[in-house]
Amino acid sequence: YEPTLCVYTSLFFSSLFADFVVFAGEMSGVAVCAMRKQIILVGTSDFVELRAEGENLTFHDMQTGTPVMYRYAEESSCPYILADFSRVSSSMSVSEAFNLVRLYEYNLPQYKHMAIALLANNSIIEFARYWEEVCLRRGFQVRVFLARTEAICWLRSL
Numbered sequence: 001y002e003p004t005l006c007v008y009t010s011l012f013f014s015s016l017f018a019d020f021v022v023f024a025g026e027m028s029g030v031a032v033c034a035m036r037k038q039i040i041l042v043g044t045s046d047f048v049e050l051r052a053e054g055e056n057l058t059f060h061d062m063q064t065g066t067p068v069m070y071r072y073a074e075e076s077s078c079p080y081i082l083a084d085f086s087r088v089s090s091s092m093s094v095s096e097a098f099n100l101v102r103l104y105e106y107n108l109p110q111y112k113h114m115a116i117a118l119l120a121n122n123s124i125i126e127f128a129r130y131w132e133e134v135c136l137r138r139g140f141q142v143r144v145f146l147a148r149t150e151a152i153c154w155l156r157s158l
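Residue 27 in our numbering is what sits at position 27 of the sequence shown, and the numbering runs on without skipping anything.
It is possible that part of the hints are untrue.
Claimed, not checked - So the derived label-pair ranges between C-beta atoms look like this:
#1 D46 with P67: 31 to 37 angstroms
#2 S95 with S45: 19 to 25 angstroms
#3 R138 with E74: 15 to 21 angstroms
#4 N121 with C153: 16 to 22 angstroms
#5 P67 with S89: 20 to 26 angstroms
#6 S123 with S95: 15 to 21 angstroms
These are computed hints drawn from the structure, not numbers from a lab.
We put the beta carbon where it would ideally sit given N, CA and C, even for glycine.
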């Protein structure tokens, strides 16, 4: 499939989220305005990459963005996802990590057929490790990494 770049901003985090996709192929370049958050989806030959940036990522952001990421991966026929959250700050609690996994179970059980490598940073590692633990116990194929090369190697080994 052809690599595609989609840019989502926090202005579009709503039930109409998917209707406001900006495709880089239709533009001469992607300009990022002064916004608090952005999510970029990139398809490669090996995996779908989600790059998240910004301050104070919330449960609502994750709840709204996760189905969009899933649909993009599904449309790309690619079950491997690299979720790069290394440039994100968040104050989500571990209970929100648990609730996020429950959201997957009830609304996106197909996630169990995908492999997700989450690239974290030190400020969100506690949340990410708990999310990984809950996901694994619930049958999801996920791993958390601090190094991009390790995350990509894991995805390519599957």
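Here is what the structure says about each hint:
1. D46 with P67: 31 to 37 angstroms: violated (23 angstroms)
2. S95 with S45: 19 to 25 angstroms: Violated, at about 38 angstroms.
3. R138 with E74: 15 to 21 angstroms: holds (20 angstroms)
4. N121 with C153: 16 to 22 angstroms: Hint holds: Cβ distance 19 angstroms, inside 16 to 22 angstroms.
5. P67 with S89: 20 to 26 angstroms: The hint (20 to 26 angstroms, Cβ to Cβ) holds, given that P67 and S89 are roughly 23 angstroms apart.
6. S123 with S95: 15 to 21 angstroms: At roughly 18 angstroms between Cβ atoms, S95 and S123 fall inside 15 to 21 angstroms, so the hint holds.
Against the hints set out earlier in the document, violations occur for numbers 1 and 2.
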